[in-house]
Amino acid sequence: MEAKATAKYIRSGAQKARLVADQVRGKMVGDALALLDYSVKKGVARDIAKVIKSAAANVESKHPDENVDAEDLRVKEIFIDEGPSFSRFRARAQGRVGRIVKRMCHITVKVSN
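Note that this note's numbering has the sequence shown beginning at 1, numbered continuously upward.
In short, the hints are calculated from the structure, not lab data. Watch out, some of these pointers could steer you wrong.
No farther apart than 27 Å at their CA atoms in a straight line, the calculated lysine-lysine pairs in the DSSO-like style are these [said to hold, decoys possible]:
1. 16 with 42
2. 102 with 8
3. 8 with 50
4. 8 with 41
5. 76 with 62
6. 16 with 76
7. 62 with 50
8. 76 with 53
9. 41 with 62
10. 27 with 53
11. 110 with 8
12. 53 with 4
13. 110 with 62
14. 102 with 16
15. 16 with 4
16. 53 with 8
17. 62 with 102
18. 4 with 42
19. 110 with 53
20. 27 with 62
21. 16 with 62
Taking the hints into account, I'd like the entire structure generated from these sequences.
Shown next as structure tokens:
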């Protein structure tokens with residue numbers, strides 16, 4: 001049994017999110033959620049935890065006749081793709097303009113038992 005969940009347009013850079021995703025790849029769902037609670041990168045860790053919980057709930061809803069416990073599932077795949085980015089401009093010294101890039105990412109998680 002396998003299920004997938006995706007969160008799109010998350011306001012975090014893909015590189016920062018990949019650092020957190022590498023820590024939970026291949027772990028049991030319960031262990032992954034516990035690890036994310038104490039992650040240093042709190043913002044993106046909350047988003048990844050939300051997607052993992054959603055994927056675990058998808059397994060339970062896809063297979064209601066089978067007794068599936070979310071704790072028995074494993075994070076089979078987790079990958080972070082770059083989303084769109086939008087630019088802001090900030091005034092700098094001597095009439096120049098500094099560009100600020102606000103990045104986004106897409107988080108995809110597959111869980112299976």
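Right, here's what the structure says about each hint:
Using a Cα cut-off of 27 Å, the hinted pair residue 16 and residue 42 holds, with the two alpha carbons roughly 11 Å apart. With a CA separation close to 15 Å, the supplied pair residue 102 and residue 8 stays within the 27 Å bound. This hinted pair checks out: residue 8 and residue 50 have alpha carbons roughly 12 Å apart, not beyond 27 Å. Pair hint residue 8 plus residue 41 holds up; C-alpha atoms about 19 Å apart against a cutoff of 27 Å.
At roughly 17 Å between alpha-carbon atoms, residue 76 and residue 62 fall within 27 Å of each other, so this suggested pair holds. Proximity of residue 16 to residue 76 is assessed by CA-CA distance (about 20 Å); at most 27 Å being required, the pair is judged to hold. Between the alpha carbons of residue 62 and residue 50 the distance comes to roughly 18 Å, so the proposed pair stays at or under 27 Å and holds. Between residue 76 and residue 53 the alpha-carbon distance is near 14 Å, which keeps this suggested pair within the 27 Å criterion.
This hinted pair does not check out: residue 41 and residue 62 have alpha carbons roughly 32 Å apart, beyond 27 Å. Pair hint residue 27 plus residue 53 holds up; C-alpha atoms about 14 Å apart against a cutoff of 27 Å. Our distance criterion of 27 Å between C-alpha atoms is met by residue 110 and residue 8, whose separation comes to about 15 Å. Restraint check: the Cα-Cα separation between residue 53 and residue 4 comes to about 11 Å, which is no more than 27 Å; the hinted pair holds.
Only pairs whose Cα atoms come within 27 Å are accepted, and residue 110 paired with residue 62 is accepted, the gap being roughly 14 Å. A hinted pair counts as satisfied when its Cα atoms are at most 27 Å apart, and residue 102 with residue 16 qualifies at roughly 13 Å. The straight-line distance between the Cα atoms of residue 16 and residue 4 is roughly 22 Å, inside the 27 Å bound, and the hint therefore holds. Between residue 53 and residue 8 the CA atoms are separated by roughly 15 Å; this keeps the pair inside 27 Å, and the hint holds.
With a C-alpha separation of about 36 Å, the suggested pair residue 62 and residue 102 falls outside the 27 Å cut-off, and the hint is violated. Proposed proximity of residue 4 and residue 42 is supported: the alpha carbons are some 23 Å apart, at most 27 Å. A distance of roughly 11 Å separates the Cα atoms of residue 110 and residue 53; the hinted pair therefore holds under the 27 Å criterion. Pair hint residue 27 plus residue 62 holds up; C-alpha atoms about 22 Å apart against a cutoff of 27 Å.
In summary, the hint linking residue 16 to residue 62 is not supported, as the alpha carbons are separated by about 32 Å, beyond the 27 Å threshold.
Of the numbered hints given earlier, the model fails hints 9, 17, 21; all others are met.
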